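**Q** These are the residues of each chain, in order.
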Amino acid sequence: MSAGTYTPRPGGAPLGRMITAQTALETRMLLRNGEQLLLTVIIPTLLLVLFSAVDIVDTGAGESVDFLTPGILALAVMSTAFTGQAIATGFERRYGVLKRLGASPLPRWALMTAKTLAVLVTEVLQVVLLTVIAFALGWSPQGNPFAVLLLLVLGTAAFSGLGLLMAGTLKAEATLAAANLVFLLLLVGGGVIVPLDKFPDAVQSVLGLLPIAALSDGLREVLQHGASMPWGDLGILAVWAVLGLGAAARFFRWE
Amino acid sequence: MKSESAVEVRGLVKRYGRKTAVDGLDLCVRTGAVTAVLGPNGAGKTTTVEICEGYRRPDAGTVRVLGLDPVADAAKLRPRIGVMLQSGGVYSGARADEMLRHMAKLHAHPLDVDALIERLGLGSCGRTSYRRLSGGQQQRLALAMAVVGRPELVFLDEPTAGLDPQARRSTWDLVRELRADGVSTVLTTHFMDEAEELADDVAVIDAGKVIAQGSPEALCRGGAENTLRFTGRPGLDIGSLLKALPDGTEAAEILPGAYRIGGDVNPELLATVTSWCAQHGVMPSGISVERHTLEDVFLELTGKELRA
Numbered sequence: 000m001s002a003g004t005y006t007p008r009p010g011g012a013p014l015g016r017m018i019t020a021q022t023a024l025e026t027r028m029l030l031r032n033g034e035q036l037l038l039t040v041i042i043p044t045l046l047l048v049l050f051s052a053v054d055i056v057d058t059g060a061g062e063s064v065d066f067l068t069p070g071i072l073a074l075a076v077m078s079t080a081f082t083g084q085a086i087a088t089g090f091e092r093r094y095g096v097l098k099r100l101g102a103s104p105l106p107r108w109a110l111m112t113a114k115t116l117a118v119l120v121t122e123v124l125q126v127v128l129l130t131v132i133a134f135a136l137g138w139s140p141q142g143n144p145f146a147v148l149l150l151l152v153l154g155t156a157a158f159s160g161l162g163l164l165m166a167g168t169l170k171a172e173a174t175l176a177a178a179n180l181v182f183l184l185l186l187v188g189g190g191v192i193v194p195l196d197k198f199p200d201a202v203q204s205v206l207g208l209l210p211i212a213a214l215s216d217g218l219r220e221v222l223q224h225g226a227s228m229p230w231g232d233l234g235i236l237a238v239w240a241v242l243g244l245g246a247a248a249r250f251f252r253w254e
Numbered sequence: 000m001k002s003e004s005a006v007e008v009r010g011l012v013k014r015y016g017r018k019t020a021v022d023g024l025d026l027c028v029r030t031g032a033v034t035a036v037l038g039p040n041g042a043g044k045t046t047t048v049e050i051c052e053g054y055r056r057p058d059a060g061t062v063r064v065l066g067l068d069p070v071a072d073a074a075k076l077r078p079r080i081g082v083m084l085q086s087g088g089v090y091s092g093a094r095a096d097e098m099l100r101h102m103a104k105l106h107a108h109p110l111d112v113d114a115l116i117e118r119l120g121l122g123s124c125g126r127t128s129y130r131r132l133s134g135g136q137q138q139r140l141a142l143a144m145a146v147v148g149r150p151e152l153v154f155l156d157e158p159t160a161g162l163d164p165q166a167r168r169s170t171w172d173l174v175r176e177l178r179a180d181g182v183s184t185v186l187t188t189h190f191m192d193e194a195e196e197l198a199d200d201v202a203v204i205d206a207g208k209v210i211a212q213g214s215p216e217a218l219c220r221g222g223a224e225n226t227l228r229f230t231g232r233p234g235l236d237i238g239s240l241l242k243a244l245p246d247g248t249e250a251a252e253i254l255p256g257a258y259r260i261g262g263d264v265n266p267e268l269l270a271t272v273t274s275w276c277a278q279h280g281v282m283p284s285g286i287s288v289e290r291h292t293l294e295d296v297f298l299e300l301t302g303k304e305l306r307a
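First to last, the protein sequences are chains A and B. So the first sequence is numbered by numbering that gives the first Met the number 0: it starts at 0 and just counts up by one. So the second sequence is numbered by numbering that gives the first Met the number 0: it starts at 0 and just counts up by one.
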């Protein structure tokens, strides 16, 4: 390189370009990671196919795919917005990625915006894939698509807040362990593939307040039973979103 | 307004709990110069640099970087500086070229990424992800990320730690090129040779304070005196030798036949010693002049070894 190559000419790129670039990079990192793909694509797909084909769990009246698909969509949202985001962000914090980007022209809010957009892009890919598979398995959805969209967005907000809270406060290894454990517990106890009414009444009312239960129940109300707007579930998700994002904003540590 | 100093630190104090990491530190970094912050591990180098980068708030004192407050004016300052952290800073799944291209996209007028990859020998990283790169490759990538945005001022935290000699030279060359093109550089190091080779100014830090600052030459001249050694026959008349030497010079027979003269060792002094030997029929052998290094300066100022 010749003389004058490094002559200072500083300046940040336009915000839109920075956010686009950061979103593209975050999305590539999510999709490139094998463990993440297992969590976000392979497990939901396998569960959908397996439990639709084989009558292991009693899913009540009607086609099992009509019961399962809303639950699996809820699981997909949780796997990306909560588990995947928590683990990835936890390790980015541990390895100084967040710190290094903090000294770049990219503002912190723009970094968080890009992370959210990357989660949404991944979710779109998940929803498309799972919807195609569900249709192939004979799924016949009902209801208001706008209500479905609102549930998915609020669910994403709720799970993102909780995931970032965990990533920004715990050690990376603790986040890895805890996020996987929570994923497993909520998979079983959150109405994803096992209907909540299989649990005792007292347990049921507590489990019903979990974000995963609210999301899968809300999606099921709309997609399986044709409800117009499941206000109760939307309310639960909104409360989780406010609490989770508020706590994450308050307690998140960048290093 | 163009400021005379790229960095101006006065009375900086930073405490972590009960431990005082930086204890009333003053530092001035001239625009366009290379300033080395030299000191042993734990002296407060990284804390000082990270306060300048806006990562931490000082407990006391004032810090101005390019005329700005690193915390309050962070949004204005960050596009103008380049930062190389001591370690990490890259997505473990990202490739070297991918991360560098990304950093370039965050800047308005970045360097040519391909040329920079070539310049720093990062082309051989190919499609390898960051976590599988060698330590040296990771270091060079971090350096590339610090300069790709064409900053006015770069902070390099231990830029050559863990590098092989060849990669070390190449990093030094890049710092010299930055200087030639008018970029101000602050680098922390615990290698004296690095400070001596690269720096226009050296700030020697110990226990959170700057204990000496100046050009490497001035520091070596100022702090410690130099030494002339020779061997001859045992029992020479030291008193007679001292009379021939300028005031303030010391002379001693440290072992039978081994003589040491301490003071301002210059060509005249050397000539005086050899002519005194000639007058006394002494053939001095093994004459050596030891120039003091920054390491000696450090040892003298602190009583500690720099590398310890």
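Calculated directly from the structure, the hints in this document are not laboratory data. No experiment lies behind these values; they were computed from the predicted model shown. Cβ atoms here follow ideal geometry from the backbone N, Cα and C, with glycine treated the same way. Hints are supplied without guarantee of correctness; some may be wrong.
Stated by the list, open to error - Facing chain B, a subset of chain A residues (Cβ under 10 Å, in silico): (1) 31; (2) 60; (3) 62; (4) 93; (5) 136; (6) 156; (7) 197; (8) 199; (9) 201; (10) 253.
Stated by the list, open to error - Some chain A residues flagged as far from chain B (calculated, every beta-carbon gap over 12 Å): (11) 7; (12) 24; (13) 28; (14) 90; (15) 130; (16) 181; (17) 183; (18) 194; (19) 237.
**Q** Against this structure, judge whether each hint is valid.
**A** Hint check:
no.	hint	result
1	31	holds, 5 Å
2	60	violated, 45 Å
3	62	violated, 40 Å
4	93	holds, 8 Å
5	136	violated, 33 Å
6	156	violated, 24 Å
7	197	violated, 39 Å
8	199	violated, 44 Å
9	201	violated, 44 Å
10	253	holds, 9 Å
11	7	violated, 4 Å
12	24	violated, 5 Å
13	28	violated, 5 Å
14	90	violated, 7 Å
15	130	holds, 28 Å
16	181	holds, 23 Å
17	183	holds, 24 Å
18	194	holds, 38 Å
19	237	holds, 32 Å
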